[in-house]
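Colleague: Given chain R's structure and the hints, the job is docking chains G and F onto it.
Protein chains in written order, with this note's numbering: chain R, -17 to 271; chain G, 3 to 324; chain F, 602 to 834.
These aren't lab readings, by the way, just hints derived from the structure by calculation.
Among the clues, some could well be false.
[Unchecked claim] Mimicking PhoX-like on lysine-lysine, the simulated pairs with C-alpha atoms at most 25 Å apart in a straight line are: (1) F:K725 - F:K781; (2) F:K827 - F:K763; (3) F:K731 - F:K700; (4) F:K700 - F:K725; (5) F:K711 - F:K731; (6) F:K678 - F:K711; (7) R:K144 - F:K705; (8) F:K711 - R:K144; (9) F:K731 - F:K772; (10) F:K678 - F:K657; (11) F:K772 - F:K725; (12) F:K700 - R:K144; (13) R:K144 - F:K678; (14) F:K778 - F:K605; (15) R:K144 - F:K731; (16) F:K711 - F:K725; (17) F:K763 - F:K725; (18) R:K144 - F:K725.
[Unchecked claim] Covered by chain R, according to a simulated footprint, are these stretches of chain G (three or more residues, beta-carbon under 8 Å): (19) 58 to 67; (20) 107 to 119; (21) 128 to 136; (22) 243 to 256; (23) 288 to 297; (24) 301 to 313.
Just so you know, these numbers come straight off a predicted model, no measurement behind them.
Every residue, glycine too, gets a C-beta built ideally from N, C-alpha and C.
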Amino acid sequence: MDVLFNLTLNGLATGMLIFLLAAGLTLIFGLMHVLNFAHGGMFAWGAYTGVWVYAQTGSFTIGVICAVIVGVILGGLMERWIIRPVYGNTMQQILITVGVMLVLSEMLKVVWGPNQLSSHPPELLAGSWQVGGFIIIKYRLLVILVGLLVLIGVQLLLTRTKLGLIVRAGVSDPEMVQALGIDIRRVFMIVFMLGAALAALGGALLGPYSGVIHADMGMEFAILAFIVVVIGGMGSIPGSALAAVIVGLAGAFMNYYVPDLSLAVNLLLMLLVLIFRPQGLFGAKGVQQ
Amino acid sequence: MIRKLTAPPIWYGIIAAILLILPLVNDSRSTLILMTQIFIFAVFAMSYDLLLGYTGIISFGHAMFFGLGAYTVGIWMNRQDESLFSLLMAILVTVILCALLGYVLGVVTLRLKSHFYAMLTLAVAGLFQVGAEKWRSLTMGNDGFTFSIPEWLMDRQLFYYIAFFFMVGGFLLLRRFTLSPLGRILQAIRENEQRAESLGYRVLHYKVISNIVAGIVAGLAGLMYGLALRFVNTGVFGVDITLDGLLMTIIGGVGTLVGSIIGAALIQIAHDWLTDLAQVHWLFERWIILFGIIYILAVRFFPQGIVGSIQRLADRWKERKM
Amino acid sequence: MLLKVEQIETYIDQHHILQGVSLEVPAGQVTVLLGRNGAGKTTTLRTIMGMTPPAKGQIIFQGEAIHQLPTHAIAQKGIGYVPEDQGIFADLTVEENIKVAMHKEDAETKDRLAWILDLFPDLKSFWERKAGNLSGGQKQMLSLSRALVQNNPLILVDEPSKGLAPVVVDKVVDALKEIKDHTTILLVEQNFAMASALGDRFYILDNGQTQLSGSMQELAQNEELKRKWLGIA
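For reference, chain R alone in the conformation it holds in the complex:
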């Protein structure tokens, strides 16, 4: 029982981290039809910034805030100088975002050196609670909480604000949104920055969660996020949240019972979804040619 509970909690926490990455990916794709292969780079930059600032200032909160700011800046720069010039050319988009991913992860090694950095939760969140025989690691709970808050926040943003309304309209017909007098490029930029900020937030939370961070984990998590986005359906936030939990839980349980197959299971899941339900669980558009 204890093991099951722990694995569930662990899987939920990992799922939420992946969700933070997938949320931006799916929104950017839904709105702009850009699959950002550099999204994992934002995540890794968030992780390094968070860990480093935390180590320098001693404040975890400041670290997270700085990570998010770095994410926003990177996202803004990338949208303006990398994505916008090749907007509408799928092939160039894919190639160029991969190049950015490469440069972003190498830059990490230039700034912080090639070795991994280690981190730990702040004192307030270190350790665990014992509730009726169950051990709850505090930091995991925080990660789950933040993930849920982001999910609710993004949903509220999409359904209750004018910006969200425009984003949802843009997902269905960006040209018509412009014909109604709205500068969709500005909306693209905001969404891109928001997505990058969420990815960086995920990275910053990962540091103390996993204990160590390294430059290549951006790609590892990005692959998981891609899987989540495909399973959940491109452009769907609730879909991504559900898929992230599935992938997180599958990862945690497989890792415990059949560690050799953990990544394989998720990949197979994605493959099955792509073959039999290419629009994903929550139906999105434009997967097949």
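Modeller: Coordinates of chains G and F only, in the frame set by chain R:
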């Protein structure tokens, strides 16, 4: 659009002659190894160009074929004796496995839009890497293993020539392929998929063929890589191998084949040279960043790469003369 | 003159679609663009909206050149667009579709919205339904409402009768008749009965060029012209 290779054949002859004489003049081990690596990666990059430049497919998992070739020869030579016959069998098995993989993967996934295909290949190659790591009885896990090859193949000079002719052969074969009616259809697909479809070509069918051919060639390059090192580990399935092929092709010139060779030479030489410089300053160890930036600029401003840009300059120059 | 289009030429990919289109839309009237399929009518509207910007020529709206502006800026100048496929945001509710177009929430806008809902009572009853579930005619009304709620001096309407049952077409005609008292309309229409019921002036497009113009009344009586340019017996 079909480009004629404007470089006069005489240049190819001169370069080939230089490369043939080189090991007789300079037989330092490091030079031979570097040149051999260039030849092998040139073939890998050319196979990538067949996908990217001639068919318009972006794969981020091309290393899976490369790694499959490298592991096949390693495992085969380890299990069988180290005779020429086993080597030939290993080659045959590599071709069959890569063709099968190319076929299955192509049929299942090439229907998807390019983003999804790119992503899926990235994931499948990752799966191969994990597979190679976990299937310890066969692969010895992460650390990999060494294996023996026929005695005569260990001669660096001879291997240099084999690799050289491997590249020349690969180039001629792929060139032949791209200039064939089939190759022209592939280029028509790249230019305008809908139009090719409406002209009655079964686009998927041709894409799968391209995927199979590129897969076999990449697998053979991986096999040569394994033979050159006499060692194989999970790194051969790594994303960096695919990215190397991508960088070489884009920087050299997409859709030209020659560009891939030039790109391979540039990147391998820079790798060699800048890694040495890392002792001077650690920043040189991050040489890939330079290529990453060049690559981004190339995608953005010189999508034709070095070879394409030179061709364009030459065309313009000729026009002006006329 | 509210809108003046002067010798515009537009390319889509390599295709030379518009090869010299000139037209004038006087304020307070309904100007109809006629012509066969593929004559370039839709492209003309899209070019005015900046969706397929012209390579040559100019477009003057209320005395200001707009042909180099991006689409959203053109729309902000006061041109509404009701595309052929209606451009409905299918996943949004009727209310939300209109909200996207409402840039102001002042009393005037609210009054206008009330007038629109009187004009199209169907929309009021489906207010919170997904717009994707509306019928073709209702989608047309929703699309018109979005253009109207912005109080645009000019709206471009592309084939509002397309794919609608005759009874529904009559409803749309009635609505446009009321709308024309409030705003100027540039209408693309294949349905000649509808065009002549609404139009004041006409332009005939063929092969990407404006060929003929005049008053709608004259055209309606001239069988030869109709046969020659529109293929109507």
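Colleague: Which numbered conditions among the earlier hints are violated in the structure presented, ordered from lowest to highest?
Modeller: Per hint list: zero violations.
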